[in-house]
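The hints should help you fit chain B onto chain A, whose structure is shown.
Keeping their order, the protein sequence lines are chains A and B. Taking the numbering used here, I'd label the letters of the first sequence as residues 1 to 91. Taking the numbering used here, I'd label the letters of the second sequence as residues 1 to 91.
Selected chain A positions facing chain B (in silico; Cβ < 8 Å): (1) D40; (2) V46; (3) N50; (4) I62; (5) S69; (6) W80; (7) S82; (8) I84.
Calculated from the structure, these hints are not laboratory results. This one's a predicted model, so the numbers in the text were calculated from it and none came from an experiment. For every residue, glycine included, the Cβ atom is placed at its ideal position computed from N, Cα and C.
Number of protein chains: 2
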Amino acid sequence: MGSQLDTIKVGKKEVWAYVTACITSFNSGCKELTIRARGDAISKAVDVVNSLERSFLKKIDIKDIKISSDELEDGDKKIWKSAIEIRIAIS
Amino acid sequence: MGSQLDTIKVGKKEVWAYVTACITSFNSGCKELTIRARGDAISKAVDVVNSLERSFLKKIDIKDIKISSDELEDGDKKIWKSAIEIRIAIS
Chain A
1 MGSQLDTIKV GKKEVWAYVT ACITSFNSGC KELTIRARGD AISKAVDVVN SLERSFLKKI
61 DIKDIKISSD ELEDGDKKIW KSAIEIRIAI S
Chain B
1 MGSQLDTIKV GKKEVWAYVT ACITSFNSGC KELTIRARGD AISKAVDVVN SLERSFLKKI
61 DIKDIKISSD ELEDGDKKIW KSAIEIRIAI S
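The following block holds chain A by itself, in its conformation from the complex:
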């Protein structure tokens, strides 16, 4: 399986778009997924996991949650952006 299926990056789309992406990955045989988001999308990433738990038929296990701070270059200056990684698995 290609590693591109392993990570879902949450950005500007609606929550259901990412939920659908997760379900598609799981249905194609993937057992574990990482959901990543930065900045304002962090709240949406948590919504994705919770919506998935409510809508998907199988039990979702939250394996790990990591938060970090990424240093980005914005023109001349450096800015910090918070990030989250949620590792989920189906049993």
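Quick look at chain B alone, frame taken from chain A:
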């Protein structure tokens, strides 16, 4: 120590307001704190922890991160809201 110092609820204020609240708690002798947030404030809660790590002199350990989905009543209907709890400690 009163248990009210133990939990910081992140809401509509600026990030620095919650960072200051955490530092005040730690400086008054508290060793562990829980930072909670719901909905859009989840991203801000992660910002608070990251800003605290950068600005506070002591090392911050992230003990645990939990996400959940709270059921709220909004008039007649029930709505789900995502929530996060980040447990931090100073060593």
